[in-house]
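Here the protein sequences come in this chain order: A and B. Here my numbering is used: position 195 in the first sequence is 195, and no number is missing along the way. Here my numbering is used: position 78 in the second sequence is 78, and no number is missing along the way.
Hints listed in this document are in silico derivations from the structure and should not be mistaken for laboratory results. Ideal placement from N, C-alpha and C gives every residue a C-beta, glycine not left out. Wrong hints could be hidden among the right ones.
Now the stretches of chain B that chain A is said to cover, found in silico as 3 or more residues with beta-carbon under 8 Å [claimed, not checked]: (1) 32–38; (2) 51–59.
Beta-carbon label-pair distances, calculated as ranges [stated by the list, open to error]: (3) Glu30(B) <-> Arg59(A): 25 to 31 Å; (4) Asn274(A) <-> Ser68(B): 40 to 46 Å; (5) Thr100(A) <-> Phe70(B): 32 to 38 Å.
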Amino acid sequence: MTARATPDRQVVIIGSGPAGLTAALYAARANLKPLLVEGLEAGGQLMLTTMVENWPGFRDGIMGPDLMTEMRAQAERFGTETLESTITQIDLQHRPFTLTLSDGRTITTEAVIIATGASARWLEIGSDRKLSGHGVSTCATCDGYFFKGKPIAVVGGGDSALEEAIYLTKFASTVTLVHRRDALRGSKIMQDKAFANPKITFVWDSEVTEVRDVARGEVTGIVVRNLKTGVLTEIPLDGLFIAIGHTPNTSLFQGQLELDANGYITTHDGTRTNIPGVFAAGDVQDHVYRQAVTAAGSGCMAAIDAERYLEGLPQHIESQDQSIQPPPTTTSAS
Amino acid sequence: MASDKVKTFTDGNFDEEIKNGVVLVDFWAEWCGPCRRLAPTVDALAGEFDGRITVAKLNVDENPSVPSRFMIRGIPTLLIFKDGQIAETLVGLASKEDISRLLEKHLS
Chain A
1 MTARATPDRQ VVIIGSGPAG LTAALYAARA NLKPLLVEGL EAGGQLMLTT MVENWPGFRD
61 GIMGPDLMTE MRAQAERFGT ETLESTITQI DLQHRPFTLT LSDGRTITTE AVIIATGASA
121 RWLEIGSDRK LSGHGVSTCA TCDGYFFKGK PIAVVGGGDS ALEEAIYLTK FASTVTLVHR
181 RDALRGSKIM QDKAFANPKI TFVWDSEVTE VRDVARGEVT GIVVRNLKTG VLTEIPLDGL
241 FIAIGHTPNT SLFQGQLELD ANGYITTHDG TRTNIPGVFA AGDVQDHVYR QAVTAAGSGC
301 MAAIDAERYL EGLPQHIESQ DQSIQPPPTT TSAS
Chain B
1 MASDKVKTFT DGNFDEEIKN GVVLVDFWAE WCGPCRRLAP TVDALAGEFD GRITVAKLNV
61 DENPSVPSRF MIRGIPTLLI FKDGQIAETL VGLASKEDIS RLLEKHLS
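Please work from the sequences and hints to get the whole structure.
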């Protein structure tokens, strides 16, 4: 009996945004025959954007979904196998690691690259979730269409909020931007665009405390509280778009991997996590830069780190030895 | 390519089509990225549940009246009807297994 079964894979990549697909591209080119499990929000956050103007190499910009289609095709061209599935369970305590897919199948692997990214944050005031799909949205490109000629609001003050607000002026009669502070966090270029747009008005120093009307099953308005004065104001509108940042998709790894206070995976010496053989790349471990290009960069690092890890495994050397030795026999005793 | 097992619903034929049995309707549009992600799942379900349920897509761009009647303000949205009555609403992306489970629930 051998000490351990041969794992199904050398490396499995979880997630299909820029980090996961770049990791797959590098791992495939290193002949690791990676398996990439796409996850539910396949393609990642760029699938929800329109024009990406800061991806190097495209002077006129490129549509987010088109960029992801290209990245995926490129990773597959070099031998990445992609699986339209999600992981429901993962065992990182035993080697090889075991991943359980949503259809119940399991996969064993020597190394894992986690690139599960981050998902849009909700206000978590109850009424926002209850009216999801009925006037509250976290995706302007998906749902802006439903608000032609109607007043809406965007919550948030970063680049994403500004981009959504500007995009939504194509449909909405007015866009009210509600922000907790008295100044925007977004980049200068986006701020200038937003301030110059006649359809956008600003409500400063305020937070949304309630979305109405849950009983009617549609959005009729929001209640905002001024954080400096405490005054509550109701703003009648038909839609609310939430753009207050993201939370890392790490619930699968809780209790197994070291996470920081906000739930991000902690990495050290590149993309290494606290478990040797488990690497993390992209927004799931980065709350600072959060760019497509930095995610792709860390995906590349994770693939290189994983390759070096696999090369250093004693099993790697053993298995090479075994391949030139005859199999253990039971015949000699007879 | 959409599966030929997936019907196309419109504002015109909707009420007639949902009258009987379990019906899964995918509300979508060309410009919706996540809708494109959900399409293969809906196609696969149409194959797996062939003969047991009706699976259909409704383009919200071309058919504004049905989405507004059901107060749909976000896509993708999946509605499951049972004998003409709305039984489930799924907003956003859902896994094939989760949708299957809901369909089985209403079939039993």
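Hint check results:
Three residues within the 8 Å Cβ limit are the bar, and the stretch 32–38 of chain B against chain A gives 6, so the coverage statement holds. Figure legend: the stretch 51–59 of chain B, annotated as covered by chain A; annotation inconsistent (0 residues with Cβ-Cβ distances under 8 Å, at least 3 required). Under the hint 25 to 31 Å, the C-beta atoms of Glu30(B) and Arg59(A), about 27 Å apart, fit the expected range. Checked against the hint of 40 to 46 Å, the C-beta distance between Asn274(A) and Ser68(B) comes to roughly 51 Å, which is inconsistent with it.
At about 35 Å, the beta-carbon gap between Thr100(A) and Phe70(B) stays in the expected band of 32 to 38 Å.
Checked against the numbered hints above, the structure violates hints 2 and 4; every other hint is satisfied.
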